[in-house]
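Asker: Residues per chain are reported as follows:
6 protein chains.
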Amino acid sequence: MKYVESFREGDRISGVYLCKYKQSAVTKNGKTYENLIMQDKTGTIDSKIWDPNSQGIEDFDALDYVDIMAEVTSFQGTLQLNIKRARRARESEYQAADYLPVSDRDIEVMYRELLEFAEQVQEPHLRMLLQEFFVKDREFIKAFKFHSAAKSVHHSFVGGLLEHTLSVCKLCRYYVEAYPILNRDLLYAAAMCHDIGKVYELSDFPENDYTDEGQLLGHIAMGSEMVGERAHQIPGFPKKLEHELKHCILAHHGELEYGSPKKPALIEAVALNMADNTDAKMETLKEIFKSAGNSQEWLGYNRLFESNIRRSSQYIGLQPNNLQ
Amino acid sequence: MKYVESFREGDRISGVYLCKYKQSAVTKNGKTYENLIMQDKTGTIDSKIWDPNSQGIEDFDALDYVDIMAEVTSFQGTLQLNIKRARRARESEYQAADYLPVSDRDIEVMYRELLEFAEQVQEPHLRMLLQEFFVKDREFIKAFKFHSAAKSVHHSFVGGLLEHTLSVCKLCRYYVEAYPILNRDLLYAAAMCHDIGKVYELSDFPENDYTDEGQLLGHIAMGSEMVGERAHQIPGFPKKLEHELKHCILAHHGELEYGSPKKPALIEAVALNMADNTDAKMETLKEIFKSAGNSQEWLGYNRLFESNIRRSSQYIGLQPNNLQ
Amino acid sequence: MKYVESFREGDRISGVYLCKYKQSAVTKNGKTYENLIMQDKTGTIDSKIWDPNSQGIEDFDALDYVDIMAEVTSFQGTLQLNIKRARRARESEYQAADYLPVSDRDIEVMYRELLEFAEQVQEPHLRMLLQEFFVKDREFIKAFKFHSAAKSVHHSFVGGLLEHTLSVCKLCRYYVEAYPILNRDLLYAAAMCHDIGKVYELSDFPENDYTDEGQLLGHIAMGSEMVGERAHQIPGFPKKLEHELKHCILAHHGELEYGSPKKPALIEAVALNMADNTDAKMETLKEIFKSAGNSQEWLGYNRLFESNIRRSSQYIGLQPNNLQ
Amino acid sequence: MKYVESFREGDRISGVYLCKYKQSAVTKNGKTYENLIMQDKTGTIDSKIWDPNSQGIEDFDALDYVDIMAEVTSFQGTLQLNIKRARRARESEYQAADYLPVSDRDIEVMYRELLEFAEQVQEPHLRMLLQEFFVKDREFIKAFKFHSAAKSVHHSFVGGLLEHTLSVCKLCRYYVEAYPILNRDLLYAAAMCHDIGKVYELSDFPENDYTDEGQLLGHIAMGSEMVGERAHQIPGFPKKLEHELKHCILAHHGELEYGSPKKPALIEAVALNMADNTDAKMETLKEIFKSAGNSQEWLGYNRLFESNIRRSSQYIGLQPNNLQ
Amino acid sequence: MKYVESFREGDRISGVYLCKYKQSAVTKNGKTYENLIMQDKTGTIDSKIWDPNSQGIEDFDALDYVDIMAEVTSFQGTLQLNIKRARRARESEYQAADYLPVSDRDIEVMYRELLEFAEQVQEPHLRMLLQEFFVKDREFIKAFKFHSAAKSVHHSFVGGLLEHTLSVCKLCRYYVEAYPILNRDLLYAAAMCHDIGKVYELSDFPENDYTDEGQLLGHIAMGSEMVGERAHQIPGFPKKLEHELKHCILAHHGELEYGSPKKPALIEAVALNMADNTDAKMETLKEIFKSAGNSQEWLGYNRLFESNIRRSSQYIGLQPNNLQ
Amino acid sequence: MKYVESFREGDRISGVYLCKYKQSAVTKNGKTYENLIMQDKTGTIDSKIWDPNSQGIEDFDALDYVDIMAEVTSFQGTLQLNIKRARRARESEYQAADYLPVSDRDIEVMYRELLEFAEQVQEPHLRMLLQEFFVKDREFIKAFKFHSAAKSVHHSFVGGLLEHTLSVCKLCRYYVEAYPILNRDLLYAAAMCHDIGKVYELSDFPENDYTDEGQLLGHIAMGSEMVGERAHQIPGFPKKLEHELKHCILAHHGELEYGSPKKPALIEAVALNMADNTDAKMETLKEIFKSAGNSQEWLGYNRLFESNIRRSSQYIGLQPNNLQ
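Protein chains in written order, with the working numbering: chain A, 1 to 324; chain B, 1 to 324; chain C, 1 to 324; chain D, 1 to 324; chain E, 1 to 324; chain F, 1 to 324.
The reader is advised that the hints may include incorrect statements.
As the list makes no split between identical chains, a pair holds if one copy fits it or if it spans any two.
As the list claims (entries may be wrong) - Mimicking BS3-like on lysine-lysine, the simulated pairs with C-alpha atoms at most 25 angstroms apart in a straight line are: (1) 240 to 142; (2) 22 to 170; (3) 48 to 240; (4) 151 to 240; (5) 48 to 239; (6) 41 to 240; (7) 286 to 170; (8) 84 to 239; (9) 151 to 239.
If you're looking for bench data, these hints aren't it; they were derived computationally from the structure.
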């Protein structure tokens with residue numbers, strides 16, 4: 001399979017690609033054509049079917065995997081696919097992992113690391129709650145592993161939710177060591193569960209868009225309720241502990257303006273907010289820098305940071321003589 | 001029983017009053033005494049027990065009903081009770097309704113009016129949900145009827161939650177008639193349920209203070225989850241409808257800064273927010289004016305309205321001759 | 001007359017349409033042509049005159065009614081008029097009501113309903129003031145009836161100002177019944193007058209744009225001054241009452257940031273603000289939903305509501321068996 | 001007459017002072033006494049009448065001028081008047097100017113300077129408008145001359161409104177010279193009229209408090225309407241010019257949050273806002289420094305400046321040798 | 001030399017112009033061409049080199065001065081240069097002043113005026129500090145004279161920094177006369193130095209863009225540090241005075257949100273903030289009006305003023321008879 | 001020495017205590033007395049000298065160490081010292097560490113840990129810069145070690161600046177491991193230097209209050225300039241690197257509203273902001289909880305967190321049987 005990032009003007013392409021977007025349009029001359037975006041895990045390319053009614057063009061929809069024959073052309077300095085033949089592919093003809101942005105890290109390895117946090121939780125009810133979600137609920141586990149943590153912004157790739165959750169847990173482990181006043185069991189449980197609502201706030205890949213429920217309720221209220229439901233099924237789950245855990249989830253965005261209905265009132269909620277915020281910012285910048293290649297130039301204004309952004313300069317670490 | 005509002009300097013008082021507050025203190029001379037606030041439904045009065053160890057003073061706690069003998073004195077222009085004897089009263093010796101601020105309206109009459117809204121809901125799952133709460137759940141019904149709608153601010157009296165909920169429902173009934181685009185069933189259900197979380201956010205009278213759960217979670221998330229729990233027990237409750245109802249509850253404060261994790265996205269959520277806001281403001285001003293008596297003077301700065309407040313002037317509606 | 005909403009590609013059109021916009025442009029080849037927007041009450045259509053100097057094209061301006069011969073074409077999926085002949089129409093050749101967006105409700109019926117509010121006002125000076133504007137001032141009455149309530153956003157159609165004012169009055173009537181503490185006379189007078197400044201803030205249809213005065217002063221200060229002018233002509237108009245009425249107008253946007261120079265300090269000003277806000281939001285959503293047809297999909301981000309918007313779902317109200 | 005600023009512990013005082021405040025209170029022992037604040041132009045002093053029913057104490061009210069006999073005592077480090085005799089003074093017995101804070105500058109001199117600005121206005125309608133207010137309207141002139149520009153904050157003394165208006169005019173004269181693009185006539189007229197609403201927003205001295213009208217409407221809307229009323233009486237006053245002048249008044253606070261219903265849209269409105277702001281800030285600091293004596297210490301937090309404030313240090317300007 | 005503002009369609013141009021921007025692009029047909037912006041002091045014009053490889057086209061870069069032969073064409077109503085020949089010009093072939101926007105006022109005259117402020121400063125250390133920058137440091141002086149005060153917004157022309165600094169000094173001179181409480185020496189020194197950081201925050205013309213240092217540190221912190229460095233080299237410079245001067249620079253934007261790390265705490269810092277703000281606003285409007293020609297129409301929304309903007313109307317100042 | 005925290009009513013005290021505050025006052029009866037606050041490292045106690053002129057009372061000032069004889073009394077439930085004799089103590093009579101709040105951790109141990117971060121910096125100029133401050137500058141080192149990190153809020157004890165800086169460095173070490181994209185050398189240098197301006201923003205203990213320089217400039221601009229001064233003394237220090245380091249210091253408060261003149265634009269500046277924020281919040285809560293003892297009750301509203309605060313509950317970690 002030839003990846004999108006390696007397309008060059010004049011190439012002839014033959015293979016299966018994911019159709020991310022599909023919309024009919026009309027030329028100035030009144031001819032109907034199709035605007036498409038084709039995708040694999042290395043990128044996307046604007047594509048056209050200039051003659052949708054020709055024999056080689058079979059019917060398909062957005063989010064289908066499509067076997068195409070096409071030519072790479074250039075329009076206003078940007079590459080474009082001119083698709084001549086198209087046929088919906090069978091499931092056996094492609095592997096989804098080739099077509100979707102995916103975590104750099106091995107998902108199973110990350111998941112095992114995540115479970116270690118659950119195992120360090122001593123409080124029996126919290127421990128059981130984590131097992132209900134992360135050990136016993138196969139459907140949840142499968143969705144959690146392959147979900148993104150966002151539609152865009154950061155961690156918007158397969159495994160992104162897992163990678164982000166694991167990073168937050170590790171930050172919390174550092175906090176617990178540095179600030180022993182923290183309640184480790186509560187913080188670990190909160191870190192593992194803080195974004196579980198995203199499993200239903202965002203649809204699965206390849207769509208990865210806000211669901212109706214997600215838009216109406218948001219992952220914060222959804223996650224808190226999910227925790228409540230499971231806690232009610234665990235005999236003797238202390239009410240106070242349930243409220244503390246839900247508080248950490250409800251407050252993890254830190255500010256009412258960011259969608260948390262409560263400001264953090266427990267030190268564990270404060271810590272979770274800091275860990276979530278730190279990982280989101282580090283990962284966002286990492287993704288910005290990655291897409292900017294090696295450039296050390298200013299990369300333009302970024303809304304999240306309300307600033308122009310630039311990578312810091314790199315200096316070779318030789319010791320000058322006068323440092324002896 | 002002599003009510004607090006009728007106390008005059010020099011009166012000798014004998015009867016049962018609610019002790020709202022109790023704290024030991026020490027005079028300059030090193031003598032211990034008790035600072036108390038005694039209350040009935042007409043008001044509160046600062047009170048002292050200057051000799052807590054004297055024979056007539058038995059042990060009691062804040063929020064106890066206490067049978068006292070006392071004298072009304074005046075200190076720096078304010079009346080004060082000098083308590084000489086005190087004894088915890090038996091349940092048969094008082095009626096709670098005499099000691100707590102209470103709605104002007106009959107609670108049972110209001111409750112019947114509220115149920116009429118539930119009966120107008122045609123959509124069967126919403127209808128059943130309302131019955132689960134407001135018809136079948138005796139514990140919930142009892143708490144709902146006697147709860148306040150706030151610790152202070154507005155409707156902070158017995159029956160206040162019911163009175164506010166009923167007013168909001170009636171405003172929504174007007175909206176439904178004026179704006180037929182509104183989904184009546186959804187709006188009525190949302191109006192009835194919008195503050196049910198307050199039953200657990202605030203403790204029962206006479207305490208009427210934020211609970212631990214209330215401070216950690218808030219009535220908005222609590223109410224949404226309560227609806228979710230009941231909906232899951234009703235067979236075939238449409239998921240989309242459940243999300244819409246929960247959205248209305250989550251969004252009913254209208255702004256993220258006011259603790260709603262979502263801004264209203266459905267017209268019914270917008271309408272509920274307007275009804276809630278309108279009734280809260282009207283009732284707050286009504287209570288301010290009531291406590292100001294007949295004064296038409298400026299009543300000072302009010303934080304909710306971010307303005308000085310005054311009652312409008314009243315003119316007699318005689319028709320002058322030149323209006324003929 | 002063939003309405004714009006029924007145009008189909010290939011149609012040949014002949015009739016009078018309102019020219020909303022007209023601007024000369026130049027093709028890549030250096031030829032001059034005219035960009036136009038033609039309008040009737042059912043919609044607008046981009047139009048071109050490719051040869052402005054040809055014999056059949058007479059001179060006309062934006063906001064003229066023009067008798068055209070044209071062909072409906074399609075460009076990039078959107079319909080377009082290719083105008084071959086054009087001639088400014090005489091007044092006898094068209095009826096303005098066919099060309100402008102207009103209230104669904106009968107203007108005279110609404111106006112009579114509005115006058116009923118004036119008749120319920122008992123305080124003689126307020127009553128006389130309302131008669132000065134709404135009964136005696138023919139020029140004002142004519143303008144008020146046919147004005148919009150906005151350039152866009154909501155009620156931006158002929159009769160919109162009247163329709164909005166009437167809705168606000170009706171909400172106030174409900175408030176007066178529900179909250180007897182409200183001063184009915186003051187509130188009705190304020191509701192009727194709250195937006196009278198818009199008669200001069202916005203120009204008449206078909207232009208319906210901000211006037212110079214409107215941009216410099218705004219309808220809030222303008223309306224308050226208009227009330228002052230009339231009140232000064234009514235013998236014995238109580239100064240305090242004049243100030244209260246003007247305050248309601250000045251404060252009706254509710255917040256300084258929304259252009260009110262004073263926050264509401266009277267309960268009637270608070271009520272007017274709630275009524276204005278409620279009707280504006282309901283009507284805005286009604287118009288959004290209307291233009292979205294029957295779609296129950298998410299309708300994208302709306303700036304007024306700071307949220308994505310969606311119509312709530314409709315369920316058939318059959319009673320399931322288990323509700324017996 | 002002995003001024004308040006020269007009172008020393010032990011002094012016996014006999015003379016007329018203004019009673020700024022009067023309120024009955026009760027001692028711990030149940031005795032009634034009077035809390036007063038007595039004032040002259042040099043300051044105020046807390047005062048007590050310990051025996052209001054004694055023979056020498058006649059009846060008087062707050063804001064009366066009172067002839068007293070009293071002793072200066074000290075309580076918790078602060079001086080206090082112990083009043084033994086008190087009698088309402090006759091008008092002939094005092095001169096108001098001795099009792100009220102008053103501008104350092106001669107009011108008549110300032111007023112003549114102000115009129116020079118009116119004389120430089122060439123545009124005949126603006127010129128006539130200024131004459132209507134500042135030359136012909138005796139009642140207005142008298143009030144304008146003796147009014148303060150604020151209840152507190154800055155220029156809260158007799159002549160303060162005049163002094164502030166004159167300073168603003170002078171700043172505008174500088175602007176007109178420095179930025180010839182400014183329309184001198186419009187700017188001078190706007191500067192002279194910008195705060196005329198304060199004549200009725202604040203009551204006369206000695207009360208100097210917000211009036212009912214002032215609280216309901218504010219000096220911004222009031223001043224704009226006052227200008228409108230006069231302009232309508234001047235034949236041929238250009239509408240556009242009236243709107244521009246009113247705009248400058250409406251916009252002179254510069255921001256909606258500061259009570260201007262419109263942001264400045266004309267350069268003259270921007271200039272007026274800067275002049276008003278500059279003079280207000282300079283005068284406020286001047287008054288703070290004056291009341292702080294020669295202290296060059298930090299003077300604590302000031303809300304207007306949202307900062308701690310300190311006077312800058314003074315250095316003797318000797319030229320060191322190395323500057324030759 | 002033919003200036004850009006006088007170009008007409010069909011003109012043939014031959015001369016040296018500054019290339020402000022240069023970027024390669026590809027036509028639909030896959031041919032490479034160059035998009036350029038050419039500039040002189042009267043304006044800019046979009047330009048194309050359709051055949052970059054033709055013999056007459058030599059290599060050059062953005063910000064080079066280029067000797068071109070070209071034809072003026074029109075595309076979509078806008079003029080465009082079609083460049084046929086191009087050659088990098090030698091320094092002797094052009095004068096930079098012809099190609100850059102430049103102050104209307106003579107730079108040397110303005111600089112001498114500025115130095116007069118330094119000469120009025122009596123405090124010897126401040127005086128010496130100003131001499132270090134504005135009299136002795138040739139490199140600084142040269143840069144200061146030819147710098148702009150901004151990338152865009154206002155004073156974004158050669159000499160703009162000097163012109164703005166001089167205007168601010170003059171405003172401060174007026175303030176010192178009007179408010180004698182101001183410390184003249186400190187205020188003049190602060191006014192002269194307030195924007196010196198811009199010499200390094202923005203690169204020299206023709207680039208005139210934010211430098212790396214400028215983006216990272218900003219002219220406020222940079223200017224404060226520059227003052228600190230010089231002050232440390234002047235023997236006996238009083239520490240307190242150094243801190244006061246740096247405070248004025250740090251606080252001159254007036255609000256933390258505008259990038260000042262401290263709010264003004266000294267009256268001189270307040271005055272400097274007002275002077276800077278006043279000149280920036282007046283100059284911005286002057287430039288807006290200048291580019292709008294004689295139009296007295298509304299000029300659209302301006303972000304700095306958060307309002308639509310219009311020039312005020314001009315009336316002929318004839319005295320009507322009734323003013324006699 | 002008897003510590004303040006162990007004082008009981010009736011105790012007779014004899015020893016050296018630090019006088020934190022001293023102010024003369026006058027009793028109702030006109031007698032002068034002294035209000036004092038005496039302090040040791042375990043707390044403070046209100047104190048009185050009722051007869052300042054008695055023989056045993058020698059002269060002393062606030063911030064003196066004073067040898068006193070006194071009696072512990074109780075007033076309104078609070079302990080108070082009644083001082084009978086007082087004499088300024090000689091330096092040999094006390095050890096400052098007994099009287100000031102001091103870090104729980106050993107200062108020299110912490111300092112050695114801090115130096116390890118400097119040793120891991122490879123880039124030679126940054127390394128040399130850190131050595132200039134933290135290894136070679138004895139005065140700086142001494143001040144840095146014994147400074148607080150704040151006047152109040154958090155780390156307001158001897159060694160607080162060091163303890164906070166070390167915690168921030170350790171968080172940064174964790175970040176560098178977790179997010180390898182971070183430039184370790186730049187981040188460590190920035191972390192070590194981020195609060196060095198506090199050495200001069202706050203005065204030394206026992207005063208520990210804002211200095212004049214601190215109020216005028218703030219530790220952010222001061223720290224950046226301190227780094228600039230040293231960097232300029234190191235031959236070949238790369239300009240770009242200096243700007244990056246200063247940027248990290250200038251931006252470390254994260255928001256303009258919090259006094260940073262620039263928002264973080266480099267990932268190291270973002271990381272430093274998160275580390276500073278995290279440690280400040282954790283330490284603040286730690287100190288709140290410490291002063292609240294073992295209470296798990298709600299501890300009231302905290303301005304920093306804009307929320308009521310409570311410690312989370314502690315559960316014993318026994319494994320229930322059903323977890324096997």
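Asker: Does each hint hold? Answer for all of them.
Answerer: Here is what the structure says about each hint:
1. 240 to 142: Classified as between: cross-chain Cα gap 24 angstroms, same-chain 30 angstroms, threshold 25 angstroms.
2. 22 to 170: neither (41 angstroms within a copy, 48 angstroms between copies)
3. 48 to 240: Result: close neither inside a copy nor across copies, 59 angstroms intra and 36 angstroms inter.
4. 151 to 240: For residue 151 and residue 240, the Cα distance is within 25 angstroms only across copies (21 angstroms; inside one copy 34 angstroms).
5. 48 to 239: Neither way: residue 48 and residue 239 sit 58 angstroms apart in one copy and 39 angstroms across, limit 25 angstroms.
6. 41 to 240: neither (45 angstroms within a copy, 33 angstroms between copies)
7. 286 to 170: both (18 angstroms within a copy, 21 angstroms between copies)
8. 84 to 239: neither (63 angstroms within a copy, 43 angstroms between copies)
9. 151 to 239: between (34 angstroms within a copy, 23 angstroms between copies)
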